[in-house]
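**Q** The residues making up each chain are set out below.
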Amino acid sequence: MNRRIAVGASRAVHFMPALALVAFTACGGRGEHDATGEPSRIVLVMAHSTTGDPEKAELDRTVAEFEALHPDIAIKQNAIETNIYETIGLKSLFSGGTPPDVYSQWGKYLVGQYQEAGYAADLTDELEKDSWKDRFDPSVWTSATYKGRIYLIPTSIDLTSVIWYNKKIFEQNGLEPPTTWTEFMTICDTLKNNGIVPVCFGNRPLWPAANWAAHLISRVAGEQLYDDVLSMKPGTRFANDAFIKGLGMIEAMARSGYFNPGLNGVSDMEAIMLFFQGRAAIHPIGGWIINHAKKAAPEGFEYDAFKMPAIEDGAGDQTSILRLASGYMVYRDTRYFDEAVEFLRYLTSVDVAKRFVSRCGTFSSVQSAITEETADPHLLTLVSMHRSAHTVVTAPDVGYDRAKVLPFMDAVSLVIGGQKSAREALEQCDRAVAALR
Amino acid sequence: MVRKPAPYLYILPALALFVGIILLPAAGTFVLSFFNWSGIGRDIEFVGLENYRAAFRDGSYFVLSLRNNIVYLVATFIVEMCFGLAMALVLDFKLRFFGVFRMLFFSPMVLSMMPVGLLWRFVYSPEIGILNGALKAIGLGSLARPWLGDPATALYAVCLTSGWRYAGFYMILFYAGLQRIPKQLYESARIDGASDLGCFRHVSLPLLREVFVICVLLCATGAFQAFDLIYAMTGGKPYHSTEVVATWLVEVAFAHNRFGHGSALAVMMTVIVFVIALTYHFYARRRETIEY
Chain U
1 MNRRIAVGAS RAVHFMPALA LVAFTACGGR GEHDATGEPS RIVLVMAHST TGDPEKAELD
61 RTVAEFEALH PDIAIKQNAI ETNIYETIGL KSLFSGGTPP DVYSQWGKYL VGQYQEAGYA
121 ADLTDELEKD SWKDRFDPSV WTSATYKGRI YLIPTSIDLT SVIWYNKKIF EQNGLEPPTT
181 WTEFMTICDT LKNNGIVPVC FGNRPLWPAA NWAAHLISRV AGEQLYDDVL SMKPGTRFAN
241 DAFIKGLGMI EAMARSGYFN PGLNGVSDME AIMLFFQGRA AIHPIGGWII NHAKKAAPEG
301 FEYDAFKMPA IEDGAGDQTS ILRLASGYMV YRDTRYFDEA VEFLRYLTSV DVAKRFVSRC
361 GTFSSVQSAI TEETADPHLL TLVSMHRSAH TVVTAPDVGY DRAKVLPFMD AVSLVIGGQK
421 SAREALEQCD RAVAALR
Chain X
1 MVRKPAPYLY ILPALALFVG IILLPAAGTF VLSFFNWSGI GRDIEFVGLE NYRAAFRDGS
61 YFVLSLRNNI VYLVATFIVE MCFGLAMALV LDFKLRFFGV FRMLFFSPMV LSMMPVGLLW
121 RFVYSPEIGI LNGALKAIGL GSLARPWLGD PATALYAVCL TSGWRYAGFY MILFYAGLQR
181 IPKQLYESAR IDGASDLGCF RHVSLPLLRE VFVICVLLCA TGAFQAFDLI YAMTGGKPYH
241 STEVVATWLV EVAFAHNRFG HGSALAVMMT VIVFVIALTY HFYARRRETI EY
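Residue numbers (this note's numbering), protein chains in the order written: chain U, 1 to 437; chain X, 1 to 292.
Just so you know, the hints here were simulated from the structure itself, not pulled from any lab data.
SDA-like mimics (lysine to any residue), calculated; alpha carbons at most 25 Å apart, straight line: (1) U:Lys404 with X:Phe46; (2) U:Lys295 with X:Val123; (3) U:Lys404 with X:Tyr231; (4) U:Lys295 with U:Arg61; (5) U:Lys420 with X:Arg145; (6) U:Lys168 with X:Glu127; (7) U:Lys56 with X:Met114.
Listing some non-contacts, in silico: residues in chain X with all C-beta distances to chain U over 10 Å: (8) Ala6; (9) Gly48; (10) Tyr52; (11) Arg67; (12) Val110; (13) Leu131; (14) Ala284.
In this text, a Cβ means the ideal position worked out from N, Cα and C, and glycines have one as well.
Sequences and hints are given; from them, build the entire structure.
**A** Okay, structure coming up:
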């Protein structure tokens with residue numbers, strides 16, 4: 001049999017079971033018909049991973065508003081839980097032959113990957129029309145651009161590794177947010193001596209500790225070396241002196257007993273709950289904790305955030321933040337490109353963005369959407385951190401080729417769990433990466 | 001002789017479903033195992049047996065996951081079948097509240113795996129779990145540990161949960177087997193001076209052999225198909241200590257974007273399960289059947 005036909009057939013049947021589960025909601029025709037059989041409305045299919053309220057409710061409302069303003073367009077949402085969407089969901093839709101017209105996506109690496117696969121429409125020229133591009137925070141375009149062209153309309157900015165702390169515990173122990181790593185270690189020591197778990201992680205999914213460690217390593221090694229190694233540039237290796245030193249700082253924390261026990265078996269949500277219950281004083285995680293706090297934190301729970309403390313002799317920018325923009329892409333071969341773009345214009349209009357900020361705590365990429373009137377004080381803290389940062393570091397979990405970064409994430413889990421030294425774990429990581437190359 | 005077409009037409013719908021849902025995807029997986037494909041786009045490359053060799057290189061957890069499958073098989077075999085048999089024997093005594101006991105023993109079977117996994121995550125939670133809480137309450141606080149976060153205990157903790165979930169199922173099989181044994185055989189044994197234990201050893205156990213054959217096969221194939229409970233409880237973590245082949249191949253295919261390698265693992269897994277099932281079937285058929 002012709003190899004091309006064999007592979008095509010193989011790929012198609014490979015996705016059959018997944019399609020049966022994931023893609024059936026997207027099927028059902030791409031146009032609605034009136035009584036005469038003539039198409040009455042265009043059906044725009046939108047795939048995304050917004051499944052929880054209040055974000056989903058706000059998205060539904062925005063879609064309904066858009067449909068009311070455009071009676072000839074109907075938007076059919078295919079909402080898939082985040083982990084499924086990231087791993088199986090979106091790929092199945094494309095590979096199974098039911099590509100969505102609009103789909104949510106994380107910035108940087110995945111933008112390039114989907115563009116190379118032929119799934120991404122170039123939105124550069126559209127953004128120039130009516131000054132649409134001017135609405136956005138100018139720093140987000142690095143996440144949305146691939147080979148000089150823009151393929152992603154960013155809707156939110158994710159600071160993925162902010163250090164949150166319990167204000168009451170800090171006050172009771174006479175502590176102030178640290179500005180240097182030495183101060184941070186002193187705080188951890190005080191907390192531990194007072195019988196409080198200093199830092200908690202829920203590292204079962206690997207990315208929570210990996211993101212935090214990556215940020216720390218970038219501060220020690222410098223952003224260029226960090227990016228070169230994570231991008232697997234030829235001649236680079238994970239077990240270099242700077243990476244060993246950076247990860248070694250986490251090894252020292254693990255050896256001192258500063259982390260919650262069994263953190264590699266704890267999920268990210270369980271760790272957030274431990275933090276809310278006051279079972280740990282500090283929890284490094286993304287800005288999305290603000291929303292969880294509104295829903296799940298006990299009455300009177302007070303928390304705030306500080307940036308990664310400055311590493312005294314670090315080679316990197318000590319004001320840096322770990323950040324990623326996420327948003328929506330348009331399928332390259334969609335029949336409804338103009339309608340898809342029109343919808344994204346509406347979704348990123350200032351009024352809609354303000355609603356997402358005020359009701360969902362979204363760190364919107366639309367510049368004028370975040371004000372003291374619309375934003376939660378904690379969100380304003382994040383905005384302030386973002387503005388004061390001179391350098392943006394890309395998170396390893398979705399900012400780089402995940403397949404090749406997973407050995408690094410494994411290495412961090414081994415070190416933070418006290419199983420291996422930083423050197424041993426990074427050397428093991430290099431061996432795994434070499435096998436992948 | 002002209003064969004009538006009717007029987008073939010009757011099985012056609014089932015055959016079409018079997019071919020469409022099982023055979024074609026299986027054949028597709030086999031073909032894909034000789035290619036490199038990220039699951040995204042049209043870039044695909046023929047690599048021959050490379051995906052099979054990669055399973056045994058650094059960075060692959062195939063061998064470890066296979067070993068974990070075997071540990072899982074042995075542990076679940078002991079927990080599920082021993083508890084199942086013990087509960088069946090308790091029921092066989094026809095105690096008062098027989099129906100309540102039967103319902104209690106069987107009730108975990110009606111729960112789907114994801115809720116079971118989540119429920120037992122709370123039981124094993126290092127901070128708020130009832131297991132550690134109970135140990136501390138009875139003065140055994142030194143034994144408290146992060147059961148699912150410790151690589152030394154995580155796999156066994158999952159096995160215990162599996163045992164809790166499935167023991168009721170094996171109980172029903174053994175109980176049905178016990179009901180089939182004629183009472184006269186027990187009476188004869190008693191006349192010959194057999195104790196309760198003697199009756200169990202010389203009457204019940206030999207006559208339950210057919211049930212054991214089925215249970216062992218179900219346990220073995222079930223252990224190699226294990227995925228949902230492990231996915232819900234640990235996701236193969238920590239440090240891949242609970243990784244089984246099914247979780248590893250899903251990780252490889254969907255998180256590493258290596259569909260070809262994932263397909264190769266699936267093919268190897270299928271062959272292993274097939275060989276085990278055939279060997280066991282061959283061995284079980286050779287043993288003589290006791291008629292009663």
